[in-house]
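*Asks:* Protein chains in written order, with the working numbering: chain X, 60 to 400; chain D, 60 to 400.
Don't read these hints as lab results, they were simulated from the structure.
Hints should not be assumed to be uniformly reliable.
Identical copies go unnamed one by one, so any copy, or any two together, can satisfy a pair.
Under the rule of at most 30 angstroms between Cα atoms (straight-line distance), these lysine-lysine pairs were calculated in the DSBU-like manner [said to hold, decoys possible]: (1) K123 / K395; (2) K98 / K214; (3) K349 / K227; (4) K75 / K214; (5) K366 / K70; (6) K362 / K290; (7) K227 / K102.
Keep in mind it's a predicted model, so treat the numbers as computed, not measured.
One-letter residues, chain by chain:
Number of protein chains: 2
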Amino acid sequence: MPSEKCRVTLKDIANKTGYTVNTISRALNNKNDISEQTKKYVKEVADSMGYINDSMAGSLRSGKTKTIAVILSDISNPHLAHQVKLIELSAIEYGYNTIILNTDENSQYERRAIISAYEKRVDGILICPVQQSEDNIRFLQSMNIPFVLIGRYFKNLDADAVLSDDIKAGYIATKHLIDKGFRKILFMSAQEYISSARERLEGYTKAHNEANLPIHNELIHSTNVKTGNAKEIMDSIIQSNINFDSVIAFSDMLAFEIKCALMCVCGNEADNIPIIGFDGVQSHLPLPFKYTSVGMDKDGWAKESTKLLFERIQYPTMHKKKIVRNVSLLNFDPVKGNDIT
Amino acid sequence: MPSEKCRVTLKDIANKTGYTVNTISRALNNKNDISEQTKKYVKEVADSMGYINDSMAGSLRSGKTKTIAVILSDISNPHLAHQVKLIELSAIEYGYNTIILNTDENSQYERRAIISAYEKRVDGILICPVQQSEDNIRFLQSMNIPFVLIGRYFKNLDADAVLSDDIKAGYIATKHLIDKGFRKILFMSAQEYISSARERLEGYTKAHNEANLPIHNELIHSTNVKTGNAKEIMDSIIQSNINFDSVIAFSDMLAFEIKCALMCVCGNEADNIPIIGFDGVQSHLPLPFKYTSVGMDKDGWAKESTKLLFERIQYPTMHKKKIVRNVSLLNFDPVKGNDIT
DNA sequence: TTGAAAGCGGTACCAA
DNA sequence: TTGGTACCGCTTTCAA
Numbered sequence: 060m061p062s063e064k065c066r067v068t069l070k071d072i073a074n075k076t077g078y079t080v081n082t083i084s085r086a087l088n089n090k091n092d093i094s095e096q097t098k099k100y101v102k103e104v105a106d107s108m109g110y111i112n113d114s115m116a117g118s119l120r121s122g123k124t125k126t127i128a129v130i131l132s133d134i135s136n137p138h139l140a141h142q143v144k145l146i147e148l149s150a151i152e153y154g155y156n157t158i159i160l161n162t163d164e165n166s167q168y169e170r171r172a173i174i175s176a177y178e179k180r181v182d183g184i185l186i187c188p189v190q191q192s193e194d195n196i197r198f199l200q201s202m203n204i205p206f207v208l209i210g211r212y213f214k215n216l217d218a219d220a221v222l223s224d225d226i227k228a229g230y231i232a233t234k235h236l237i238d239k240g241f242r243k244i245l246f247m248s249a250q251e252y253i254s255s256a257r258e259r260l261e262g263y264t265k266a267h268n269e270a271n272l273p274i275h276n277e278l279i280h281s282t283n284v285k286t287g288n289a290k291e292i293m294d295s296i297i298q299s300n301i302n303f304d305s306v307i308a309f310s311d312m313l314a315f316e317i318k319c320a321l322m323c324v325c326g327n328e329a330d331n332i333p334i335i336g337f338d339g340v341q342s343h344l345p346l347p348f349k350y351t352s353v354g355m356d357k358d359g360w361a362k363e364s365t366k367l368l369f370e371r372i373q374y375p376t377m378h379k380k381k382i383v384r385n386v387s388l389l390n391f392d393p394v395k396g397n398d399i400t
Numbered sequence: 060m061p062s063e064k065c066r067v068t069l070k071d072i073a074n075k076t077g078y079t080v081n082t083i084s085r086a087l088n089n090k091n092d093i094s095e096q097t098k099k100y101v102k103e104v105a106d107s108m109g110y111i112n113d114s115m116a117g118s119l120r121s122g123k124t125k126t127i128a129v130i131l132s133d134i135s136n137p138h139l140a141h142q143v144k145l146i147e148l149s150a151i152e153y154g155y156n157t158i159i160l161n162t163d164e165n166s167q168y169e170r171r172a173i174i175s176a177y178e179k180r181v182d183g184i185l186i187c188p189v190q191q192s193e194d195n196i197r198f199l200q201s202m203n204i205p206f207v208l209i210g211r212y213f214k215n216l217d218a219d220a221v222l223s224d225d226i227k228a229g230y231i232a233t234k235h236l237i238d239k240g241f242r243k244i245l246f247m248s249a250q251e252y253i254s255s256a257r258e259r260l261e262g263y264t265k266a267h268n269e270a271n272l273p274i275h276n277e278l279i280h281s282t283n284v285k286t287g288n289a290k291e292i293m294d295s296i297i298q299s300n301i302n303f304d305s306v307i308a309f310s311d312m313l314a315f316e317i318k319c320a321l322m323c324v325c326g327n328e329a330d331n332i333p334i335i336g337f338d339g340v341q342s343h344l345p346l347p348f349k350y351t352s353v354g355m356d357k358d359g360w361a362k363e364s365t366k367l368l369f370e371r372i373q374y375p376t377m378h379k380k381k382i383v384r385n386v387s388l389l390n391f392d393p394v395k396g397n398d399i400t
């Protein structure tokens, strides 16, 4: 147990044992220039005194914090929360801690998050960039902290990235609906500066082109979609007499919101309007209704990006890598479970 | 922009301006024994050099990290993720950062999390304790770090806590079903060492007693419920020929899982078996189906507990407070929205 | 209003 | 194998 009054330090152990702080430090860190006997003794005394390392003091000197930062839009999004959890588990295996910083898709907050990570001297950063501009990422580059982009990337920026194949994602979602006979597919996208939004739309277009079907611009909504306001947007679309028979949504959570909105307007008829989302949350969010999504396997980009980050930390000069992960159509059924097409 | 090679330090600014590090430090921290002119000049130079504070070095000296830790079972649970987000937002208002540590309902991990928080010298801790034993919390007490229990408490332990009225929660869920004529209410609880689980069961019992209804022990399952294995448990219950006409589940996520399990077994008939969960996730998780839950308002214990923690940090000797928040029956309908009874 | 120096609690480096 | 000492970057204290 730690002393009642204050922190037990190396000095305290040194005083008690007669060794110097230096020896204590190296004994506790299992350095091999200390005799086993001394190590054992020192460790015992340290334990009995309830010594707990002060990571700040150590990091200040060594320059290493054994901590990585994960910067993303919103931890309260179930998809991201799950990914973060996986990242944390991975990081622990490498002996690292994780801190999470939210951007809320806001460049200013993102800038703050980057600064905050720098203040805390993290050894590396995983970041799903807001992308409103490239400034923040260039700023991050100038800091010389290893980082990996997750889920989104910049064309003109040579950086490590772990992405999903978003063109394919948009394509298979669209093709799936086209194959089923739907011709008026509403595409509810996010901000168009987001690379994954653009690429999914590209897939949407590709599928239409392949099927020799025209693209109706009124069906493509690249509005600033934030969770929580889908109802208003859907209402305005419906009020504008835009005709659609199916929907593709930028995320699963958005898809759920859209479904609610449709239920408000059409009641049970809403079931006739299929909605496909992205992210594949069904792997860890079993919900009592059927839904379809396009996504990676349940590990998403979490494991891969953590691995890449630690590679980068170890080999700072290694050539930059861009990893694109495969996606597939995921049909979730509460009875049958997941069915991957 | 920060220098390409390394961190800009106070020393660098001192060298450039001719002042000492001391003056620079106090100028940047807006202390009032520095002339406005000097402050302005120093800040300009610091900005132009891209100076970013090294929080570790500062904290090491000052003993304050302006960081709190949130220790809970699993950030990937949507309910907790939402609460954590609210805590973070609150903390930022107080000028604090937040780190999150997961316990996975495992005492050993909880111990590690507490140690990790101590290593990082956090100024305070919000913790939803695993409760398998009191050891970890007593350990935490011995550390002299201000902390607030959230959602769960210990009878024999004088500690700050922000809780929900779980007896009432169990009571109104049960009464609601009894009033509707259900008589065989399956109670799917969590580990019985968890205070909220016990209290909800107490409410369940109370509602039965009040209605002069017997309690059937076979309907009460205090198994080690972790998300993800509800199906097996439900299967075994059904195989045992235990008869039930309705369900109360320890959490909303568990309720969703149980619903899926029932759909597997009874198909559409599952709709005739009402399931009530706890947590009230509907306030921030709009899903396209109706469900009922018992919970607090959407702020949950987040704001209140953060506030209490900062009170405690400010007044270490203040008498301990136990805050019990009200709960109500929440009916979510994708069309009508939330209806609070 | 500013400067000089000590020190927070470790780790790194070199000498013994 | 161990000890002595500088030092990480900042804040605090006291003197000027």
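*Asks:* Quick one: which hint numbers does this structure break? Sort them smallest to largest.
*Replies:* 1, 2, 4, 5, 7
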